[in-house]
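**Q** Here is what each chain is made of, one letter per residue.
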Amino acid sequence: MKHLRLYQIGLLVVLVAFWWAMTKPGLLPNLMFDNDRQAAFFFGEPLTVASRIWNWFVITGDIYRHLLVTLTETLLAFGIGSVLGLAGGLWLALSPLASAILEPYVKAANSMPRIILAPIFAVWFGLGIASKVALGVTLVFFIVFFNVYQGVKEVSPVVLANARMLGASPRQLLRHVYLPSATSWVFSSLHTSVGLAFVGAVVGEYLGSSQGVGYLILQAEGSFDINTVMAGILVLTAFALVLDALVGRIERRLMKWQPRSGETEKL
Amino acid sequence: MTDASAFPAPDPAPSSAPALSLDGVSCTFISRDSPGQRYTAVADVRLAVAAGEFVSVVGPTGCGKSTLLNVGAGLLAPSTGTVAVFGRPLEGINKRAGYMFQSESLMPWRTALGNVMAGLEFRGLPLPEARAQAGEWLKRVGLGGFGDRYPHQLSGGMRKRTSLAQTLALDPDIILMDEPFSALDIQTRQLMENEVLELWQRKRKAVLFITHDLDEAIAMSDRVLVMSAGPAARMIGEFMIDIPRPRDVAEIKTSARFLELHAAIWAVLREEVLEGYAQQLRAA
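Sequences listed follow chains A and B, in order.
When the first sequence is numbered by the numbering used here, its final residue is 267 and no position is left out of the sequence of numbers.
When the second sequence is numbered by the numbering used here, its final residue is 1284 and no position is left out of the sequence of numbers.
Only chain A is shown next, with the shape it has when bound in the complex:
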């Protein structure tokens, strides 16, 4: 479609206008609430929210510290979770005995609602960055783990036999066949795992912390400052979108060997 972006932005404008009209005190007759300030109290006002965001980024500039903390937690959780998941997935996929023994435990750990570990991590690692990273790691680990496991299991037996005939040692097989195949599966789950690392960081902050965007939201909520809560949510959403776009770009660069359907190449 030609004007796709235009329509997308148009929809956003309509939504914000609707929000503004519904929450502007005195603009519309009250149907739901008995006081014309109540809509604004529950849903916030777009103009106040915007000024709050403006304030954070431009006037006081104190959001950057919190964003940096949240970003650090997200990246650490993603990095550590991915490496552990990659190692664990490779190990279990290549060792039938270990995988047979550990299978019920892996299943149990995966089906447990891991968000509930947040309070325990807070006790173990304190209220700083470490407890949020730990929560994010438990979320990311299983996504990467299962994808790597699948990736190794699905290596084409012919490609494997061919590499062996070409003289690859077990170590070279790992490096040149299993790992690239597994990474392709990791990348296909990258969007999910980065998203979950982000969730881990924010939820961890929300449950107890002294900095981070989740902490800002928690503070505002404590004083019923819905506008600031909304502002925090919007900043987080925009941030998540940026992260996702970044991941998409990295993915396209690293996975250019993978065929995309309907792709023709101009020569």
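I should point out that these hints are in silico values taken from the structure, not numbers from a laboratory.
Quick caveat, the model's predicted, so the values are computed rather than measured.
Every residue, glycine too, gets a C-beta built ideally from N, C-alpha and C.
Some hints here could point you the wrong way.
Unchecked claim - Distance windows between CB atoms, simulated:
id: 1; chain 1: B; residue 1: 1032; chain 2: A; residue 2: 111; range: 22 to 32 Å
id: 2; chain 1: A; residue 1: 250; chain 2: B; residue 2: 1038; range: 47 to 57 Å
id: 3; chain 1: B; residue 1: 1278; chain 2: A; residue 2: 108; range: 22 to 32 Å
id: 4; chain 1: A; residue 1: 104; chain 2: B; residue 2: 1038; range: 56 to 66 Å
id: 5; chain 1: A; residue 1: 250; chain 2: B; residue 2: 1144; range: 42 to 52 Å
id: 6; chain 1: A; residue 1: 112; chain 2: B; residue 2: 1124; range: 43 to 53 Å
id: 7; chain 1: A; residue 1: 112; chain 2: B; residue 2: 1038; range: 40 to 50 Å
Assemble the complex: chain A is given as a structure, and chain B must be docked to it using the hints.
**A** Only chain B this time, still in chain A's reference frame:
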């Protein structure tokens, strides 16, 4: 094609031992789901390929030709019998053999050049040198300008050429080919058959070539072996192909000697093909 000086003169090792010999080889597979079920693919196969000889094995589909090749490659241990490479019993992977597979065997995450240099890289050749040699081989199979393409960006024929370069780049003494051209259209196929013959003619390696196409077998080989229908497929015929070389696979198909040999081998093979087909119908 590059000049002939790039290749050392053919010097078939003056050893009396065949390059590859299978003696009394049988392969019985056990069904993974029910260990009581057994399937014997090949039974008591005796086969020898001399150094520098081009031997084809033909047989009906599903007769265990590929099994035989896997045994020769060391990818599969036979249930009974022995495999010897230049007189020495084979243990593990056959390091003196190159294997060209029937299905896609290129690493999809490596470019054509990366795939061709893979074997050299595995052998510990310094990367720049491996890259240079692989580039030479790509040129030799007519893919000079396609080194940076990934397998999915190449056509089926180009992928086969890449596989060929990948196998030959290691300069193996024995080349195992498992219906390498069966997925190609007839024109590409004849082209590649001629190219393989030309490359083989220069270096004179021992080739064990598996095919279900009798024309291809006769056109390319020194000797054609016929296998019976499975299960428990055996060797049931051996034919020397005395058509002079160099040959052009398209041209010799009309020569009198070719037709004679074709008729003789087909007389043996026909029965087995019908038998194999009947078995498939019964199983269906």
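**Q** Now tell me if each hint is right for this structure.
**A** Hints versus structure:
no.: 1; hint: 1032(B) - 111(A): 22 to 32 Å; result: holds, 29 Å
no.: 2; hint: 250(A) - 1038(B): 47 to 57 Å; result: holds, 51 Å
no.: 3; hint: 1278(B) - 108(A): 22 to 32 Å; result: violated, 53 Å
no.: 4; hint: 104(A) - 1038(B): 56 to 66 Å; result: violated, 33 Å
no.: 5; hint: 250(A) - 1144(B): 42 to 52 Å; result: violated, 32 Å
no.: 6; hint: 112(A) - 1124(B): 43 to 53 Å; result: holds, 46 Å
no.: 7; hint: 112(A) - 1038(B): 40 to 50 Å; result: holds, 44 Å
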